[in-house]
Amino acid sequence: MADIKKIATRESYGNTLAELGKTHEDLIVLDADLAGATKTSIFKKAFPDRHIDCGIAEANMAGVAAGLATCGKVPFMSTFAMFAAGRAFEQVRNSIGYPHLNVKIGATHAGISVGEDGATHQCNEDIALMREIPGMVVINPCDDTEARAAVKAAYEYVGPVYLRFGRLAIPVINDPETYKFEIGKGITMKEGSDVTIIATGLCVNEALNAAEKLGAEGINAEVINIHTIKPLDEELVIASALKTGKVVTVEEHSIIGGLGSAVCETLSTKAPTKVLRIGINDTFGESGPAVELIKKYGLDADSIAAKVKEFCK
Amino acid sequence: MDNSQLKKHANDIRKGIITAVHSAKSGHPGGSLSAADILTYLYFEEMNIDPSNPKNEERDRFVLSKGHAAPALYSTLANRGYFSTEELETLRHVGSILQGHPDMKHIPGVDMSAGSLGQGLSAACGMALSAKLDRASFRVYAMLGDGEIQEGQIWEAAMFAGHRKLDNLVVIVDNNGLQIDGNVADVCSPYPIDKKFEAFNFNVINIDGHDFDAIRGAFTVAKACKGMPTAIIAHTVKGKGVSFMEDQASWHGTAPNDEQFETAMEELNKAGEL
Chain A
1 MADIKKIATR ESYGNTLAEL GKTHEDLIVL DADLAGATKT SIFKKAFPDR
51 HIDCGIAEAN MAGVAAGLAT CGKVPFMSTF AMFAAGRAFE QVRNSIGYPH
101 LNVKIGATHA GISVGEDGAT HQCNEDIALM REIPGMVVIN PCDDTEARAA
151 VKAAYEYVGP VYLRFGRLAI PVINDPETYK FEIGKGITMK EGSDVTIIAT
201 GLCVNEALNA AEKLGAEGIN AEVINIHTIK PLDEELVIAS ALKTGKVVTV
251 EEHSIIGGLG SAVCETLSTK APTKVLRIGI NDTFGESGPA VELIKKYGLD
301 ADSIAAKVKE FCK
Chain B
1 MDNSQLKKHA NDIRKGIITA VHSAKSGHPG GSLSAADILT YLYFEEMNID
51 PSNPKNEERD RFVLSKGHAA PALYSTLANR GYFSTEELET LRHVGSILQG
101 HPDMKHIPGV DMSAGSLGQG LSAACGMALS AKLDRASFRV YAMLGDGEIQ
151 EGQIWEAAMF AGHRKLDNLV VIVDNNGLQI DGNVADVCSP YPIDKKFEAF
201 NFNVINIDGH DFDAIRGAFT VAKACKGMPT AIIAHTVKGK GVSFMEDQAS
251 WHGTAPNDEQ FETAMEELNK AGEL
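In order, the protein sequences belong to chains A and B. The C-terminal residue of the first sequence carries number 313 in the working numbering, and the numbering is unbroken. The C-terminal residue of the second sequence carries number 274 in the working numbering, and the numbering is unbroken.
Here chain A stands alone, though its shape is the one from the complex (with noise of 0.2 Å):
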């Protein structure tokens, strides 16, 4: 097999800022001393002026995002995702949510393959936290062209929008040249009828290799990808529960409040089916190389299929 190329959606980030930026001239960065490891450097050496550098202030910068927006600026705040949803949380609730300010919150480190920084940066919760404001778009990207794609996509959309991005380099699995990216529309990656994997972020690429495997035994999994999960694409995860009659969701965050929470609220009232919910369950994570910690919280390939094996007995 070919060299697979493995880029991080956090640099996807940086670029497709700093592409935006040549043609923008209201698009504001803002960062909170990471800007090295949020990518918003690359912007930064190319529009100085316009990269916002707040310090260690996180609750600060959401609010100086806010009024930015309210004089027609499109700032995106950058920070890690435990201090963007975490920390901030207020602060984007309060002074960018309640407003409904054209705002893009950009979350990088998502999840445990924060790796070895350990549990204080790796943050599980957010997609539970930004899911629960009123008006607020989250978007899990999978990969560099979804990323990128999806970056371009917050800045033309106006209102608050929460994108988060990954540390840890992953595969390009969508073909730029081809790929569509619309907010609110799951993509069917593979086509199944045993049981749909309903996947996010990382995990996507960790799902279509499990349903590989899985094929392999007899299993055929459909994968449906939810780069957004708010607002849920419920028509496509509705018809697919009711073409396969099981459902697994996988996701880099606790299995409360997430993807999978989401994915249980929409079919519990309009196609009750079994699901079960892979994620992190409901534990802090660790320090440790990310791919190592990945195949620990049960999140690669492997354990995925083994899961879904199981599920479908």
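Source of the hints: derived by calculation from the structure; they are not laboratory data. Given the structure is predicted, the values throughout are model-derived calculations rather than measurements. Be aware that one or more of the hints could be misleading.
Listed next, the stretches of chain B that the computed footprint assigns to chain A, with coverage defined by at least 3 CB atoms under 8 Å from CB atoms of chain A [what the hints assert, rightly or not]:
| no. | stretch |
| --- | --- |
| 1 | 88-97 |
| 2 | 103-111 |
| 3 | 119-128 |
What the simulated footprint calls covered on chain A by chain B, stretch by stretch (three residues with Cβ under 8 Å from a Cβ of chain B suffice, anywhere in the stretch; the number is not a length) [stated by the list, open to error]:
| no. | stretch |
| --- | --- |
| 4 | 79-86 |
| 5 | 91-99 |
| 6 | 283-295 |
For each residue, glycine too, the CB sits at the ideal point set by N, CA and C.
Starting from the known structure of chain A, fit chain B onto it as the hints suggest.
What follows is chain B alone, placed relative to chain A:
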């Protein structure tokens, strides 16, 4: 506008505050009345605004970071012509545009939703920064409570404003000395407030927040100050203008009953005749 005209407007604004809070049967009269004179000066003299075009991009902005003083802002906006003063009686009623705390989505003239303490100054910094980026000439005013500055985010924002040399930003601290649980000095003292803002690289001015000459002087100095933001520490009296509410923490978040309403309005009507 001369001081006697400003005083008349301030008195009308105070009547609007009492009317609104009485009608709502809840709300915050104390910190609204202490802020009334500054708000009068801002909206009737200082700020470049046009009530018939509240979204004008060139306008000066105001953020009521101490959003619980919403009755004062609403009464000021109504008296300035953004909407009818009759609307004030709908404060906090279901379906009213006049929410308990300022809501920019629905209220003409409100430049920022605020009320969760500590957050407004950051938004004001964002507005001032936007003007700097565009070399626009509008100015930004943010009013904070003296209890509110116990919130850490205020000092994040102050550090940002000082660092960015936002000389188009004026912070007004409504220093009425009282918060819900008592004296700010006893609860968790923010003093010395002036020295703190000085340390964050602000141009600091202490004034009597009910003296229009002093208010006029402070805003004039602020406008002339280049290279640093200004903080006006306005020494005020909570409940100012209604004798039985003055300097009483208990009037922070209590509405007057019918009898108290009549007494308060009588006092304000009398003051208006002077």
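Each hint tested on the structure:
Only when three residues or more bring their CB closer than 8 Å to a CB of chain A does the claim for the stretch 88-97 of chain B stand; here the count is 0, and the claim is violated. Check on the stretch 103-111 of chain B: 4 of its residues sit with their Cβ under 8 Å from a Cβ of chain A, so the three-residue criterion for coverage holds. Closer than 8 Å: that is the beta-carbon criterion, and the stretch 119-128 of chain B has 10 residues meeting it against chain A, so the requirement of 3 holds. Only when three residues or more bring their CB closer than 8 Å to a CB of chain B does the claim for the stretch 79-86 of chain A stand; here the count is 0, and the claim is violated.
Coverage of the stretch 91-99 of chain A by chain B holds [criterion: at least 3 residues with CB-CB distance below 8 Å; count 5]. Remark: the stretch 283-295 of chain A is not confirmed as covered by chain B, as 0 of its residues place a Cβ nearer than 8 Å to a Cβ of that chain, below the required three.
Of the numbered hints given earlier, the model fails hints 1, 4, 6; all others are met.
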